[in-house]
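> The primary structure of each chain is shown beneath.
Protein chains: 4
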Amino acid sequence: MTPLSICRLALLSGQSNRSATGSSFDNVTGISPEILAALAAANSGSQSSYGADPLTARVSRRLAEIFEHEVAVFPVATGTAANALALATLVPPWGVVYCHHEAHIVVDECGAPEFYAGGAKLVGIAAPHGKICAGDLAPLLPGGKGVVHHMQPAAISLTQASEAGTVYRADEIAALAELARRHALGLHVDGARFANAVAHLGCAPADITWRAGIDVLSFGATKNGAAAAEAVIFFDRAKAADFEFRRKRGGHLLSKMRFLSAQLDAYLDNDLWLRNARHANAMATRLAGGLAGITGVHLRHPVEANEVFVEMPNPLIEALFAKGFSFYRWDGERGNCVRLVTTFDTAPSDVDALLVTARSVNRDG
Amino acid sequence: MTPLSICRLALLSGQSNRSATGSSFDNVTGISPEILAALAAANSGSQSSYGADPLTARVSRRLAEIFEHEVAVFPVATGTAANALALATLVPPWGVVYCHHEAHIVVDECGAPEFYAGGAKLVGIAAPHGKICAGDLAPLLPGGKGVVHHMQPAAISLTQASEAGTVYRADEIAALAELARRHALGLHVDGARFANAVAHLGCAPADITWRAGIDVLSFGATKNGAAAAEAVIFFDRAKAADFEFRRKRGGHLLSKMRFLSAQLDAYLDNDLWLRNARHANAMATRLAGGLAGITGVHLRHPVEANEVFVEMPNPLIEALFAKGFSFYRWDGERGNCVRLVTTFDTAPSDVDALLVTARSVNRDG
Amino acid sequence: MTPLSICRLALLSGQSNRSATGSSFDNVTGISPEILAALAAANSGSQSSYGADPLTARVSRRLAEIFEHEVAVFPVATGTAANALALATLVPPWGVVYCHHEAHIVVDECGAPEFYAGGAKLVGIAAPHGKICAGDLAPLLPGGKGVVHHMQPAAISLTQASEAGTVYRADEIAALAELARRHALGLHVDGARFANAVAHLGCAPADITWRAGIDVLSFGATKNGAAAAEAVIFFDRAKAADFEFRRKRGGHLLSKMRFLSAQLDAYLDNDLWLRNARHANAMATRLAGGLAGITGVHLRHPVEANEVFVEMPNPLIEALFAKGFSFYRWDGERGNCVRLVTTFDTAPSDVDALLVTARSVNRDG
Amino acid sequence: MTPLSICRLALLSGQSNRSATGSSFDNVTGISPEILAALAAANSGSQSSYGADPLTARVSRRLAEIFEHEVAVFPVATGTAANALALATLVPPWGVVYCHHEAHIVVDECGAPEFYAGGAKLVGIAAPHGKICAGDLAPLLPGGKGVVHHMQPAAISLTQASEAGTVYRADEIAALAELARRHALGLHVDGARFANAVAHLGCAPADITWRAGIDVLSFGATKNGAAAAEAVIFFDRAKAADFEFRRKRGGHLLSKMRFLSAQLDAYLDNDLWLRNARHANAMATRLAGGLAGITGVHLRHPVEANEVFVEMPNPLIEALFAKGFSFYRWDGERGNCVRLVTTFDTAPSDVDALLVTARSVNRDG
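Residue numbers (this note's numbering), protein chains in the order written: chain A, 307 to 671; chain B, 307 to 671; chain C, 307 to 671; chain D, 307 to 671.
Okay, chain A solo, but in the shape it has when bound:
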């Protein structure tokens, strides 16, 4: 009987989006050593508060360089805040935001976007593999635009990488952006796993953001090694004009901002964000490759980032439980799909240990 290590728990635990705790398993990890060190280094002397410090300024400069564009950058502590504030800036209180029906903003934020936007509506669109495409959206538009009886189409929000662990390509985004342009919709990306998407595509960050028509990006760091740090990035500063007031009245302007910016600064320094993401992606690939060779096991979605959705026979799931592995079923209590998430600190040996166990269980079963 394998004793259940904490690390193994993190690796293995897929989780139902209807679970009692709601944990996402790249959130059970800790802080990248480089980021922890940066927190300590930031703790020397006094610094201006509320973002008027040199570290915050440096984060803005770094992001402008990385994205090869002018940017307005607003650090916040949570992804929910980043998404809700970004969307509230894009849409009026009577606006409609289109997104995938499994998007975090529509499923897992307890109505934060609706709250921040003053009553806006999220419309979730069912589409395969976590990604919506222009063809899914076109039939819904213009959607009563200009008609006073209807909430007004106002924005599209994509999740990159998606909730299914897949990645939008630049041309897919451009097609959605063309639709957005035609109907005067804003275009937002929930990039809680943006680094994983860039790592997968090997593209320039610009290629899947402003060059493809994105207006604003929730640039995540928490799931990829930070303690609590995200940045809302606008590629058109004019559109960010009132963001600062929204952030402050949301209670999301940290007084000792330098400790939030220090995380982002270290995250961007020397490509840590990409290195962490590449590792997590590689572990997911290794895991998926191993699982794919086991009889009766099927990958539900292409594995392009750090999430592996696996359908496996119920006896195998039960056997893994019996062996001491702990995870939730993705489709609820009776489903046979689990989600496995890899992270910046997943060890290859952990992946291999899981595979050995699975093969052994399967062979004996």
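The hints are simulated quantities; they were obtained by calculation from the structure and are not laboratory data. Treat the hints with caution; some may be incorrect.
Same chains, same names: a pair is fine if it fits in one copy or spans any two.
DMTMM-like cross-link-like pairs, simulated, lysine to aspartate or glutamate; straight-line CA separation at most 20 Å [unchecked claim]:
{"no.": "1", "residue 1": "Lys-451", "residue 2": "Asp-637"}
{"no.": "2", "residue 1": "Lys-451", "residue 2": "Asp-513"}
{"no.": "3", "residue 1": "Lys-545", "residue 2": "Glu-374"}
{"no.": "4", "residue 1": "Lys-451", "residue 2": "Glu-550"}
{"no.": "5", "residue 1": "Lys-629", "residue 2": "Asp-670"}
{"no.": "6", "residue 1": "Lys-451", "residue 2": "Glu-408"}
{"no.": "7", "residue 1": "Lys-629", "residue 2": "Asp-658"}
{"no.": "8", "residue 1": "Lys-629", "residue 2": "Asp-513"}
{"no.": "9", "residue 1": "Lys-545", "residue 2": "Glu-484"}
{"no.": "10", "residue 1": "Lys-451", "residue 2": "Glu-639"}
{"no.": "11", "residue 1": "Lys-451", "residue 2": "Asp-548"}
Got chain A; can you put chains B, C and D on it based on the hints?
Showing chains B, C and D alone in chain A's frame:
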């Protein structure tokens, strides 16, 4: 010419509440070493996210012991979030919250309480030395209670220690609580500097909270040594029933909660919160005592916590500027009152250096 | 060529829910003569304002008698206000309201329920003939109840008569109410055409409201002969405790309330509400019966109230246009379904004239 | 003992703004005969709903002529809706609206402006005779404009005629408008008694609106003879771009709009609005003139519209009560000021009857 050290800047800089940056000078300090160490210590292994971790549980237990009462505890990252969420839980969208007219909630939170409470109204009451008393409030009540045309009196919010650096005594709070009880108002404390108040009074924390009739406390740590950590504390769990949903939809539920709780845990451990506050208070007393002996210098308010409001002749202010000290005038550009804030890491030598300079300037002037 | 009379326009005009004007064709009619007379009669002398007048009191008494139950009654001028205020009273800002996906609240109120409820979410359920049933809803529940990441299931809203012109029977409502009770959901009825439902069923109003488990009813009069009058009716006064504040701050408390109550009083007097509804229903039945006999014409839904949804060959639709009849297509520009609405003042001769034309067109075509 | 006629009640009853009913005594009157007749006349045939009818178009044309300017006109049923919607269009959710501290928007609308504007703040300014002037406001500005910690100055709202029955002159408004322009504030007029102001000044409506710098006017009719009709008038159509969506989601777009527009149409026809107002003003002048001659009676404010605030000895107030007159004291139970409101249908004989009684009481006392 004295070169301006960062430390000296923090110490000296009083600041207008109409300044361009809005910085409060206990926010320019860093993190207490004990708290920074706790962050590093919390970074081992995986932990359940969103508050289901042992550190968060321990913070709740500690606070229950410290306050000698059952408590419902909700850590958040900013004082504005703590206040706005606490008040939104107490009052309906058409509720009126009474507070001092210089209270942070009414002056410095860009409408966060109004936003979280869905449109509630803050009524600021002018009263001396930053404290409202039952006598100030009684004439305003019942204030149209029950009359559909008027917003409904719903809560009182006190700032402890106050914005003027003074402290409410238990009997003063009890008198307000009696008024609150008679008119069915909730009673909230903005305790961004709660530790300084307890340190000043030398009382049990219970004496100036639930025993005096307080319903909910924003328990601050950020200004007193944390990086970004506050706790909303309800003394009646039933009143906190929907707080968790409000916190989540406000984007204030941190996924890696352990790093927020670790700060609070270290803050409470071995009385760090009180030790830090006692030091800051002592430095303010030392500063105030020294300044009081200088001709033409007057303390505007009693010095009971870590803030010193000083009126001084304009030539003295100008001379201090000329000497390289940097601070804002509290009453605007032409006023002759400055605010000096001491902190957990203010060195006695910094205080003395300021006093030497002031005396010298005064003598020569 | 038949000249197009105004009356005929009203009768014939079905309308797309994506049309530019959004008109519902029982809204193009005028005021029942009895109600107009009541307005004039109410205009003698002074009366207390804001609802403290005898007419308003009488409306409450009448409704208590008609519904055989204690009621808390709140007159308002529009159906959108009635629905939005009623739902806001039932659900928290993070609540979910389940309804049919074509419900007026989700399609035609520009986000009023979301606005009044402070950000709540409406989830539209696709189901045949405009009615949801317990079986549609059960799989969605408990829907994350108690999990902080998810908006919280809070209410069910039915439309009676439905948007498809069908009527919920008492047992259908009771099954939904049982589900609501089990999951602690409020139960609301949008009764913009409630009179038509009662007229169709021939039941006691109590049978399809509180006796079946309904908490609150938007009792419509405007579509059935009033100028602008609806009443929100709570069957449990305790649940209406804060409704008055919501109505006032929504700007829906009329100062000269007697002129709103006068409409409702006349509407209830001598069963005018039922007589008007019976007539409209009878005209719809006559129309549907006649159309059903025409080759190629199909009724989309059972005709149980005052709406007739008719699918007809495109040449027939075009021919009716050519003859001077004016109406919108229900499924958009290319659809072949139209909605015909009959009203309290539809003349049998108007119905027959339409049928004659349709038969003639069809025969020649 | 004089029996108390209903008419006399209306005339005499001043009322505390803290009263249990909140009635304003120009709201206890009925409908002008011309307006009632217009309602009946509008009830012939079908009309397009939601404002796409000829009467609504005619009201817009009439107002453009009367104000000698292009206008965007939005009829609504209540003054609270007009004010709250107008202000929400002018200011962001974190905006500050400056007004007189007795303004209806800040005292008597149960937070409707805060609700519609998504959390904005009203700042009431104490100033004599119900009118604020540029000198009152200038010291409060720029008021933290641009500083993220503070709610942002966004608009000024005047009440014309004021709550004290006084009238702003064009030059007074222009001075405020200059201040508004300098600080980029919107300028709104609550014109619940706008007709009384124009009647008093004998000016062109343009002179005290757009020519003086007003952006948007709540043009009242309800207090001056309509059943329930107000119009929000924008003098710059561009600023009204999203008003229609706000009105609809507020539940204030009437489906049978023609019956609201019919009231406004008749109100504007043949100067009824001015004729009614002139009569009410004349009755107030007659009343004030008579009262001024009585020993111990003092007018609190200049009488320029249809309200008379009278301070009188307590024995006189008591004697009037004893004689059967019924009214509220303006300053609460122990005050000796009463408010008397005259209306379009106040008879000179009613005024004289009151004066006779008062003189007789005084002489005997």
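> If a hint holds in the structure, say so; if it does not, say that too.
Evaluated hints:
In this assembly of identical chains, Lys-451 and Asp-637 lie within 20 Å of each other by CA distance solely across copies; the values are 17 Å between and 36 Å within a copy. In this homomeric assembly, Lys-451 and Asp-513 never come within 20 Å of each other (Cα to Cα): the closest approach is 30 Å inside a single copy and 38 Å across copies. Proximity of Lys-545 and Glu-374 under a CA criterion of 20 Å is satisfied intra-copy only: 18 Å inside one chain copy versus 36 Å between copies. With identical chains, the CA atoms of Lys-451 and Glu-550 are at most 20 Å apart between copies only, with a shortest distance of 13 Å across copies and 29 Å within one.
Taking the closest pair of Cα atoms, Lys-629 and Asp-670 come within 20 Å of each other only inside a single copy of the chain (13 Å); across copies the shortest separation is 78 Å, beyond that limit. Within a single copy, Lys-451 and Glu-408 get their C-alpha atoms only as close as 25 Å, which misses the 20 Å cut-off; across copies the closest is 18 Å, which meets it. In this assembly of identical chains, Lys-629 and Asp-658 lie within 20 Å of each other by CA distance solely inside one copy; the values are 15 Å within and 66 Å between copies. In the homo-oligomer, the alpha carbons of Lys-629 and Asp-513 never lie at most 20 Å apart, since the shortest distance is 45 Å inside one protomer and 52 Å across protomers.
In the homo-oligomer, the alpha carbons of Lys-545 and Glu-484 lie at most 20 Å apart inside one protomer (19 Å), although the nearest pairing across protomers, at 29 Å, exceeds that limit. Within a single copy, Lys-451 and Glu-639 get their C-alpha atoms only as close as 41 Å, which misses the 20 Å cut-off; across copies the closest is 16 Å, which meets it. Taking identical chains as interchangeable, the C-alpha atoms of Lys-451 and Asp-548 lie at most 20 Å apart only when they sit on different chains, with a minimum of 12 Å there against 24 Å within one chain.
Checked against the numbered hints above, the structure breaks hints 2, 8 and satisfies the rest.
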